[in-house]
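Student: Sequences are here, hints too, so could you generate the full structure?
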Amino acid sequence: MACFTVPAAEAIVTTIVTKVVKKKEKEVEAKANAGSEEIKTPHIKLSEKLSWLNMMLWGGSILLMFEHIWHGEVVPWFPFLTAAQSAEDTSEMLHEMATVGVGMAVIVTAVWIGMVFAANAIMKHRPAEEKEQAS
Amino acid sequence: MTLLITIFAAIICTALWYFKLHNKKLMFGKLCLMYWGAALMWTVDAIAEYIELEAEYFNPSAKDMLNDAFLGFSVVALGLVIWLVMLLVKDPKNVLRIALSKKE
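Each protein sequence line maps, in turn, to chains A and B.
When the letters of the first sequence are read in order and numbered with this note's numbering, they come out as residues 1 to 135.
When the letters of the second sequence are read in order and numbered with this note's numbering, they come out as residues 1 to 104.
Calculated directly from the structure, the hints in this document are not laboratory data.
Incorrect hints may have been included.
What the hints assert, rightly or not - Simulated restraints, written as ranges between beta carbons of each label pair:
hint	chain 1	residue 1	chain 2	residue 2	range
1	A	Val28	B	Ile12	33 to 41 Å
2	B	Pro92	A	Gln85	26 to 34 Å
3	A	Asn33	B	Phe8	23 to 31 Å
4	A	Phe80	B	Lys20	26 to 34 Å
5	B	Ser61	A	Ser91	24 to 32 Å
6	B	Leu53	A	Gly72	19 to 27 Å
7	A	Ser86	B	Ile51	23 to 31 Å
8	A	Ala32	B	Ile11	37 to 45 Å
9	A	Val28	B	Leu80	31 to 39 Å
10	A	Ser91	B	Pro92	44 to 52 Å
11	A	Glu88	B	Tyr57	21 to 29 Å
12	B	Pro92	A	Asn33	21 to 29 Å
13	B	Lys63	A	Glu88	36 to 44 Å
14	B	Tyr57	A	Asn33	55 to 63 Å
All C-beta atoms, glycine included, are put in the ideal place defined by N, C-alpha and C.
Tutor: Structure follows, in structure tokens:
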């Protein structure tokens with residue numbers, strides 16, 4: 001009905017967070033450059049990791065919105081959701097958002113956390129392997 | 001069916017990204033993430049539907065399957081269109097800029 005709106009809302013929040021983090025990272029880099037310090041970035045930047053989450057949330061939400069348009073649940077006129085036209089349908093829609101929608105947002109975020117841990121582990125172990133290969 | 005088609009699209013894209021198209025400029029990783037995001041969301045939707053319908057969930061009518069397959073392929077096409085638009089807007093290899101400047 002409107003389950004995709006929950007991950008879409010999360011996507012808006014994470015996009016704003018990513019912009020703020022990116023700005024802060026640039027400031028830190030600029031400061032380091034001014035002090036002629038060597039910038040070492042052996043790890044993946046937080047903004048880069050957040051962009052993975054953004055892409056999964058935005059991509060998933062857009063494709064799911066398309067599915068809802070396909071099934072006639074999203075329309076181009078107010079209130080945009082056919083389920084919002086009657087009180088009974090609205091309560092059903094809110095229930096679906098609270099269960100399926102929240103579930104979607106949680107599973108995407110959980111998978112992203114797993115991806116971040118995996119990426120960190122790969123970046124941590126890579127130098128050791130390279131050392132072994134060199135020796 | 002839509003879920004299955006999206007999962008296959010995500011797997012094929014990820015394999016292509018890993019073996020051939022991991023150049024960041026191509027933004028192919030973004031397409032993979034987009035399909036994986038949708039696949040995860042549809043998995044939750046499928047679980048919710050299974051809880052409601054139980055075994056009947058696995059016995060859809062031919063008409064529903066055809067409609068879902070049609071939707072699945074349309075979703076894959078939409079994902080590719082979004083990726084292509086992103087690529088052309090960013091124009092990482094300056095192909096569009098060069099082509100347009102030649103016309104002037």
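Student: Taking the hints in turn, state whether each one holds.
Tutor: Hint check results:
Distance hint check for A/Val28 and B/Ile12: the Cβ-Cβ separation is about 39 Å, which falls inside the suggested range of 33 to 41 Å. Taking 26 to 34 Å as the suggested C-beta distance range, the pair B/Pro92 and A/Gln85 does not conform, at roughly 45 Å. Checked against the hint of 23 to 31 Å, the pair A/Asn33 and B/Phe8 fails, with Cβ atoms roughly 46 Å apart. At about 40 Å, the CB distance of A/Phe80 to B/Lys20 disagrees with the hint of 26 to 34 Å.
Take B/Ser61 and A/Ser91: their Cβ atoms lie about 29 Å apart, and the range 24 to 32 Å holds. With their beta carbons about 21 Å apart, B/Leu53 and A/Gly72 fall inside the hinted range of 19 to 27 Å. Under the hint 23 to 31 Å, the C-beta atoms of A/Ser86 and B/Ile51, about 25 Å apart, fit the expected range. Our hint of 37 to 45 Å for A/Ala32 and B/Ile11 holds, since their Cβ atoms are close to 40 Å apart.
Separated by about 37 Å at the C-beta atoms, A/Val28 and B/Leu80 satisfy the suggested range of 31 to 39 Å. Distance hint for A/Ser91 and B/Pro92: a CB-CB separation of about 48 Å, consistent with the stated range 44 to 52 Å. Hint check: A/Glu88 to B/Tyr57, Cβ distance near 25 Å, so the stated range 21 to 29 Å holds. Taking the beta carbon of each, B/Pro92 and A/Asn33 are about 24 Å apart, inside 21 to 29 Å as hinted.
About 27 Å separates the C-beta atoms of B/Lys63 and A/Glu88, a value inconsistent with the hinted range of 36 to 44 Å. For B/Tyr57 paired with A/Asn33, a C-beta distance near 57 Å keeps the hint of 55 to 63 Å intact.
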